[in-house]
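Trainee: Sequence:
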Amino acid sequence: MTIITQLYEWLNNPVVPIANLLLIYFFAIRKMVKGTFFNDEVRRVTKKIIKIIFLTGILGGFSYMSIENNTNIVLFNLIVLFCDGIWFAIAAGKFTMDMGSEESYEKHHGQKNNVLKKKFSSVDFKSYRNIITSMGWLMSLSVILVAMEYPSYEESDLMELTSDRIVESDADVIPPPTQHAEPPKPKVTVPEIVEVPDEEVIEQEIEIEMPDFEEDFMVEEVEIVEPLEVEEEEVEEIFEVVEEPAVPKGGMRAFLGWIAKNIAYPTQARRMGVEGKVYVHFVVDKTGALTDVRIARGIGAGCDEEAIRVVKKAPKWTPGRQRGKAVKQRIILPVNFMMAK
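Every letter in the sequence shown is one number past the one before it in our numbering, and letter 126, counting from 1, is 126.
Just so you know, the hints here were simulated from the structure itself, not pulled from any lab data. Heads up, some of the hints might be wrong.
Lysine-lysine pairs mimicking DSS-like chemistry, simulated, CA-CA at most 30 Å apart [what the hints assert, rightly or not]: (1) Lys249 <-> Lys312; (2) Lys286 <-> Lys328; (3) Lys34 <-> Lys94; (4) Lys325 <-> Lys313; (5) Lys51 <-> Lys94; (6) Lys313 <-> Lys286; (7) Lys277 <-> Lys249; (8) Lys312 <-> Lys325; (9) Lys277 <-> Lys325; (10) Lys48 <-> Lys31; (11) Lys249 <-> Lys325; (12) Lys277 <-> Lys313; (13) Lys325 <-> Lys261.
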């Protein structure tokens, strides 16, 4: 995986188009110095100049986009290297054939065969070279523009997510509620009854002097203020298992299809080859809206954030009901990320 990542980073580099641009100017200047660049018909010289300007614009434009705008030019560099390989193979074959034919002719006749080299124009492939080259560049540019405008491989992965093989329909499986153990009952100790001997009764009259109150006492009325009742906020309970579970409108299969249609495979996860399931936790409230969206268990590489983004923008569900009333219900949804083979 490290080698593939390094190759990807190397291809996403403006060095390839810049090097090709320098090679084009090098060969053009070399022909000008030798005097063979303008030693031809006006039409052919014009074609050469137009070709150099065209290639300069294409290679220079992609180099500028890569340096200034951080545009991904991996596909463009692959096409350029493919064209370079074809051009190198043709040039090497032509050079080998020319050298072999000249040495053979000099060996048998003692002079070069420049006069006879283009005797039969019907088998001279050079007359079709410009047409083939132009068609190759036109096809390459068409592929590049289509790939930049319509990233088709992203859609293919999204279509794969809609199949039963990638997005599994076990979203309605909810873990059973945890059972809390009852606390142990406190031990009740029965006190021992100790017999106490009867105490002796002492008969004695006690005289209590009652004081005489001659003064009148004023009793002021006191206002009794009733304490303010503080209303306690009722905390709504979030259920995990209810009599009528919450379901998406249209059914779970339609909801999974909506998820697969709107989700996008993260570029970082694709580059690193990350696959797996992301478990998304959310609560369906009384109105059917999906709230408290978070990750219960993720795999990273941008997959967790993408799963949260899609679930947050999902349409409302039909809320769960307990004893005929709408209640909140907790749901855990597994989203499977898998690249197409």
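Trainee: Each hint: holds or not?
Mentor: How the hints compare with the structure:
Distance check on the hinted pair: lysine 249 and lysine 312 sit about 16 Å apart at the alpha-carbon level, within 30 Å; holds. At most 30 Å may separate the alpha-carbon atoms for a hinted pair to count; lysine 286 and lysine 328 meet this at roughly 6 Å. Distance restraint check for lysine 34 and lysine 94: the Cα-Cα separation of roughly 20 Å lies within the 30 Å cut-off, and the hinted pair is therefore satisfied. Restraint check: the Cα-Cα separation between lysine 325 and lysine 313 comes to about 26 Å, which is no more than 30 Å; the hinted pair holds.
At most 30 Å may separate the alpha-carbon atoms for a hinted pair to count; lysine 51 and lysine 94 meet this at roughly 21 Å. With a C-alpha separation of about 17 Å, the suggested pairing of lysine 313 with lysine 286 holds against the 30 Å cut-off. Taking the CA atoms of lysine 277 and lysine 249, the gap is near 24 Å; set against the 30 Å cutoff, the hint holds. Simply put, lysine 312 and lysine 325 have alpha-carbon atoms about 25 Å apart, close enough for the 30 Å limit, and the pair holds.
A hinted pair counts as satisfied when its Cα atoms are at most 30 Å apart, and lysine 277 with lysine 325 does not qualify at roughly 34 Å. For the hint pairing lysine 48 with lysine 31, the CA-to-CA distance comes to about 11 Å; that is within 30 Å, so the pair holds. Taking the CA atoms of lysine 249 and lysine 325, the gap is about 18 Å. The hint holds against a cut of 30 Å. Of the pairs offered as hints, the one joining lysine 277 and lysine 313 holds, with about 20 Å between alpha carbons and a cut-off of 30 Å not exceeded.
With a C-alpha separation of about 33 Å, the suggested pair lysine 325 and lysine 261 falls outside the 30 Å cut-off, and the hint is violated.
The structure does not agree with the numbered hints 9 and 13 stated previously, though it agrees with the rest.
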